[in-house]
Amino acid sequence: MVKVAVSGINAVDNPGPGLGIIKGLREGKTPVSVVGLAYDAMEPGIYLTDLIERAYLLPYPSEGEAPFLNRLLYIKEREGLEVVIPALDAELPLFIDLEPRLSAYGLKTFLPTQKQFKLRAKDHLPIVAEAIGIKTPNTLAVTSYEEFTRALSQLKFPVMVKGLFYKALRAYTQAEAQQHFQAIVAEWGYPVIVQEVVEGEEMNVVGVGDGEGGHFGLLAIKKLWITSLGKIWTGVTVTHPGLLTAAENFVRHFRWRGAFELETIVSGDEIYLIEINPRFPAWIYFAVGVGINLPERLLKAALGEEPERDWDYPAGKLYIRFTDDRVTDLEVFQHMVTRGER
Amino acid sequence: MKLNRLAISEEGFIFDPETGNSYTVNETGLLILKKLREGLGPEEIAEAMSEEYEVSPEEALRDVQDFLETIARFGLWEEKAWLK
Amino acid sequence: MRKPYQKPTILKLQVGFMRDKKSGLSRMVRREIDGVPVRELAERFGSPLFVFSERRLREQFRYLKRLFEGHYPRVEFSWSYKTNYLDAICRIFHQEGATAEVVSDFEYEKARRLGIPGDEIVFNGPYKPKETLRRAVLEGARINVDSMDEILDLEEIARETGEKVRIGLRVNMDTGIYPRWDRFGFNLESGEVLNVARRIAAGGRLEVVGLHCHQGTFILEPEAYGRAAEKLVQLARKLEEEFGWTIEYLDLGGGFPSRNRLKGLYLPPEVAVPPLSEYAERIGRALLSGLPAGDYPLLILETGRALVDEAGFLITTVRTVKRLPDGRRAYVLDAGVNLLFTAFWYHFRVEIEKEIPGPPEPCVLYGPLCMNIDVVEETAYLPPLSRGTRLILSPVGAYNVTQWMQFITYRPRVVLVTEAGKVEVIREAETLEDIVRRENLPEHLR
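Going line by line, the protein sequences match chains W, G and P.
Letter by letter, the first sequence follows residues 1 to 342 in the working numbering.
Letter by letter, the second sequence follows residues 1 to 84 in the working numbering.
Letter by letter, the third sequence follows residues 1 to 446 in the working numbering.
For reference, chain W alone in the conformation it holds in the complex (with noise of 0.2 Å):
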């Protein structure tokens, strides 16, 4: 039995990938027993006890990097803690900063490197879209007010406005975009992305790198239906091999390792990079369903085993995301907010 922590479990309107994670985790060979690591006491994942036998809250990565570890540490010690799994961005950077403490605590994980994980950033893109072959919409970083403003004037509307982390608003005008601008800066600072939206199909591939220019597998889809926040509702499995040899030319170009997601958008030809993500998609037990146990073949990667590598899966299998209600008593709550930990 592997004890593996898993992050992200917020499985809300703007879900993390951790339900998905721990699913595909389930449904593997190597049984595991899974701790869930919430930053809220209402973290929908906390009250899914099937799913996740024990649940602990962390400080937020902007808390510094002692109380992080320390509180790592302390759920190491509670639970034998063997690996764990980050699925958030904005705590990557620390999992990635301690990965050789946690090692050398005996404790596993399977992340990029910290260069790697740079290149993620979004104004970095072009750098990557050329070296994979592939082309990037017209993209401009701001740091201040005055330089979003010239950025509008470069850029042709509609344009989405993103945070480094997080969120991506769309805006048809200068005032819609400055509303954008406000609310990304005041909860996520500077620098703040804004980009040309290109049309065309919604397309991601998912994979896990080596580390040594080889994957454990990619699965590339297309969105069908998107939520309001943008986030996949339906989607479907494809093939489209030029979107596949970029994904391969990226892991092998970046020796890349760990978990990925690409973001592009298709035009006939031309494929656009929009974001790399380098982790797992919310929707990863896609890659589960069509037998290609990502999150497990990163866990064996994790552990120092050798994972598969088959990846043939059919183009045309559909993915549904559906609501679920639960009703539970207080209690979990109570410990929650009392102990952190249940």
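Worth flagging that the hints you see were computed from the coordinates, not collected in a lab.
Remember, it's a predicted structure, so these values are computed and weren't measured experimentally.
Check each hint, because a few of them may be wrong.
Stated by the list, open to error - One-sided and incomplete, this derived list gives chain W residues near chain G with beta-carbon spacing under 7 Å: (1) Gln-334; (2) Val-337; (3) Thr-338.
The C-beta atom is built at its ideal place from N, Cα and C for all residues, glycine as well.
Once you have looked at the hints, place chains G and P on chain W.
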């Protein structure tokens, strides 16, 4: 009295069944709530606190009054309640 | 036996605020600074009190020197006076081998007064008063020219002295970082620098021996320094070939970050701020690969913040405890933005002098000024504090004791904890006499 409707756990978790709000209190906060329910006034509570904890009755009284103000703001307490 | 007391608290639970409460506590306590108890410092020297650590100042200097010398053979650190020009602080860096980097008449005079010879002064800044400029020329300071008007001034001085004046050119350029500081010096990409160089050569009274570039402040991109170094090397070669000058120094300015938490950055400084070794490496690599072997101009670095920020602490005391209408606790401290100018841009580390039981709750730290802007920290998480509790704010070593203002109250003492563990006053607290001495009440108002 509003306080009587609250579900108060020994861990310091408080649930208000009328409004659906929850709160947490620390050890001394819990003590004040319990004493209020017993019908004690601020001075008596402060005295009890300084008997049990390393605090002067004066500081304790200030803190009790501050605490009462806070729970009044949360709608859990009315200033006049203990005067009656 | 009575139990240890903690102030009663009650928190209303709201989504987004139901966070982990236990882990952050131990790091919030600072009982001493370099072995001297905070309590003792405050009792002996008063509160608020700035405290500097001589050990930290020297260690950081030696660390940076070793670091950069490991990547490039000829490095000079020029202490950026504006960051902190207290005599004692400057003297410590000068003892360690730093020259002086000044940007005004006052700073020039202060460096000379401290015994720094003219030829160990780097003179920067967009306005150098003519008289000071003349003195700097005569005393052989390294003058980095910022504008065409300054070139005219210098040519005039050269005419007077009858000797060629050796100068550096301040260059601004695109190194890929935002915002670009393009109001200082001459622009590289537009060709302005070369035009100016032609004009200087034609004048025949000045000789360019150095290049200077200061990109900005708190720069979190080490590669920007690599690009700046690369561009300066190319420019130097061009100037040498075209005008026959010898570029003796390349000055990359300052702007290196400390581990302070810049507002608007989500991640903690341990993660967000790259280690200084990355800066040294990028600069060294760019210089060594761009320069012919053996022909190494002097690399000048004007690090200020990175040397001094983390050696400075401010001890301040909670003077009043309040409740805001929204239920948050607010503390009025005896130090506000009058002393902590950098509070506008940075979130300081807030530590308490002793362990205080109780859950941390969101609170506001206000200064003592009668102004709404006087906020030291908008949202701190602290256990409930009593009046009289001392807090230690850090890092505050950079810019605060130069940009502080005398407004409605006195500026406090500044002390240095020496390497031997003694505490020395390096600036006395102001008194009424200090402030009124320069005033004059006209006869008819007496």
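So which of those numbered hints doesn't the model satisfy? none
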